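Number of protein chains: 2
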Amino acid sequence: MTDARPSIHALILAGGAGTRFWPASRSARPKQLLPLVSDDPLILETARRVLPLCGGYENVLVASGRHLVEATAAILPELPFHNLLVEPVPRNTAPAIGWAAARVARTDPDAVLMVLPSDHHIADVPGFQATLERAVASARAGAITTIGITPTHPETGYGYIEMGDAHAGGGLTVKRFVEKPHRALAEEFLATGRYLWNGGMFFFRARDMMDAIRAHQPALAAGLDAFDRAAAAGDELTEVLRTFPTLPSVSIDKGVMEHMSTLAVLPGDFGWSDIGSWQSAWELAAKDSVGNASPEGAVFIDSKNNQVVDLRNGGHGKHRVIALVGVHDLVVVETDDALLIVPRERSQDVKEIVDALRKRGDTHLV
Amino acid sequence: MTDARPSIHALILAGGAGTRFWPASRSARPKQLLPLVSDDPLILETARRVLPLCGGYENVLVASGRHLVEATAAILPELPFHNLLVEPVPRNTAPAIGWAAARVARTDPDAVLMVLPSDHHIADVPGFQATLERAVASARAGAITTIGITPTHPETGYGYIEMGDAHAGGGLTVKRFVEKPHRALAEEFLATGRYLWNGGMFFFRARDMMDAIRAHQPALAAGLDAFDRAAAAGDELTEVLRTFPTLPSVSIDKGVMEHMSTLAVLPGDFGWSDIGSWQSAWELAAKDSVGNASPEGAVFIDSKNNQVVDLRNGGHGKHRVIALVGVHDLVVVETDDALLIVPRERSQDVKEIVDALRKRGDTHLV
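Those protein sequences? They're chains A and B, same order as listed. 89 is the number of the first residue of the first sequence in my numbering; add one for each residue after it. 89 is the number of the first residue of the second sequence in my numbering; add one for each residue after it.
If you're looking for bench data, these hints aren't it; they were derived computationally from the structure. Being a predicted model, the structure only gives us computed values, none of them experimental. Hints should not be assumed to be uniformly reliable.
Each pair may be met inside one copy or between any two copies, as identical chains are not told apart.
With a straight-line Cα cutoff of 27 Å, these simulated DSS-like cross-link-like pairs (lysine-lysine) come out [claimed, not checked]: (1) K392 - K342; (2) K263 - K342; (3) K392 - K439; (4) K268 - K392; (5) K268 - K342; (6) K392 - K263.
Could you put together the complete structure from these sequences and hints?
Structural data, given as structure tokens:
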């Protein structure tokens, strides 16, 4: 390295799938590839948020599945092809994060790696970036660090992080990770002020993660060593194809973090959302004076609080007028091959459509 | 004529326009050109119903506007081009009917002409055809004859015909035509049993209509004489282009029928509907066990009494799945350039969309 300061890398985790946003989301076009809030896909917004810290796409890694590679690369044309960590099979987050750490450690073991989900929304980007900088500083000081989201309500759909005392590297120590709580417990967590939502963001020096994996996931460490040897011999990908499927399928939380006694956590309050439903997509979207979120040109007559999502032609070419009369709180989603109409409060039931389509053999639609 | 019996001709009135079925209906694709009940456009069903009486398309005339000619001809490929009576400008029904009567009278003044709207639905086709035969017989005996629809409810949207005593040619005499009544009057009409709905169907010998026009619409008669002279000289259409716009714009009801004292009327009860709204289109359409009318392949989850109309690709190529979850009594209409969602009970308000689109200059969408 010519720069005296170790470099900063980002690993964007983009292998996720799901049906909650059908027909917008598909197995081949999951949520992170969709423009759910702005006109840009969530993964592109994620990359843009971390670029000022990384210095450029050469320091951005994206872990994803084989069937998502083309679509992901198309959204991130400046990402070097080599920086796409293509998982031959899904193996949860620990192997992907381990691979990224090994990759970075080969040339710069002191480099800091920021691990970030690809499908979240951040309202306050400067506030987020300021928190990232603090997390990077903490990681640079040798602490595996996470950012916990300051909770706004007793959410039962997220894991929580209990904060402890001050940590040497800045921030606080992680006292424990907690699984998704039931309602009463979530209310208690919120009331104490000592719990944060686990947003899946981790910061560490490459060497520190390699040490942690060696200590707590020896099988994974052995696989990553094989990657290193193959990379030295000039053919990492053949080894990945062979060995990745044999790696333990485990999350970084369970496989590594929960075994560590010296984690640091920084509370973050920057308008975070994981956009878990059409309800939150509608809440985040720009709306007219009566609550309608829609592409330009839609006609609303006596209709309010509706969300119209038009993803035809890959979200371009919105040449068709969409007119709603006398309806409210509907979600209307158009794609090239599907139209969905559902009251927003029923939008979690779209999984029943996906089931029905699978049952009748229309797997190309799911 | 080689046949001793005078021939039977049909005139299908197909110049109508309207916005009640937007976006299915457009100025260039009005209701009669749409498959609102079955898979075939209403005008095609109309033509098929009269063909057994006419003997073939050579005896079918279709009156329509210039902007509808191509679409109409495409739906009726067997109709001889010469049988399309293209009105250069809209002039209501009397000039179109006069033109047809003059056309037929040139070769066969004793021929009977059946005048029928193009955009109605008939559930009982054999019953309808039996009534047509009686009306033709009445016309052949020299009576200008109409069929009145036996009313089923106190409708305020239609004109009524009061029946009088028995008519010499069969059926009953027409006592009077009545404009659309207010509600109390419509209820009175229904209670007396002496009133029928005016369904706009007329039957007459060509010579009788020419005489009636000469007596009550002399300006129209003069124009039709000019058509005859031009036709004899081999160029009727140039004369029509020049003279049609000068003809009086008047309905056959007001311009001719209401002046006649010897009209006959036959009550008809054959499941007639003018399909005046999405409500009646839904009532007539085939539905599943929970009241959903839709193209094949639509997915309904906990949804009932909805109507899905898919007119993309001219009603063909329904390659897109339409999924409704948790909604009821909606009308969903898809065309290549528009999507409408409206509760059926609000469907008359689509005219507000048409107004809004006109106002913002999107005249291509109306």
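Taking 27 Å as the upper bound on the Cα-Cα distance, should K392 and K263 be classified as within, between, both, or neither? neither (46 Å within a copy, 52 Å between copies)
Up to 27 Å CA-CA - K392 versus K268, copy category: Result: close neither inside a copy nor across copies, 34 Å intra and 36 Å inter.
Quick one: K263 to K342, C-alpha cut-off 27 Å, is that within a copy, between copies, both, or neither? Intra 15 Å, inter 90 Å, cutoff 27 Å: intra-copy only.
Using 27 Å as the alpha-carbon threshold, which applies to K392 and K439: within, between, both, or neither? Intra 25 Å, inter 19 Å, cutoff 27 Å: intra and inter.
At 27 Å max between alpha carbons, let me know whether K392 reaches K342 within a copy, between copies, both or neither. Result: close neither inside a copy nor across copies, 44 Å intra and 45 Å inter.
With identical chains, the pair K268 and K342 could be close in the same copy or across copies; at 27 Å between alpha carbons, which is it: within, between, both, or neither? within (13 Å within a copy, 76 Å between copies)
When held up to the earlier numbered hints, the structure conflicts with 1, 4, 6 and fits the remainder.
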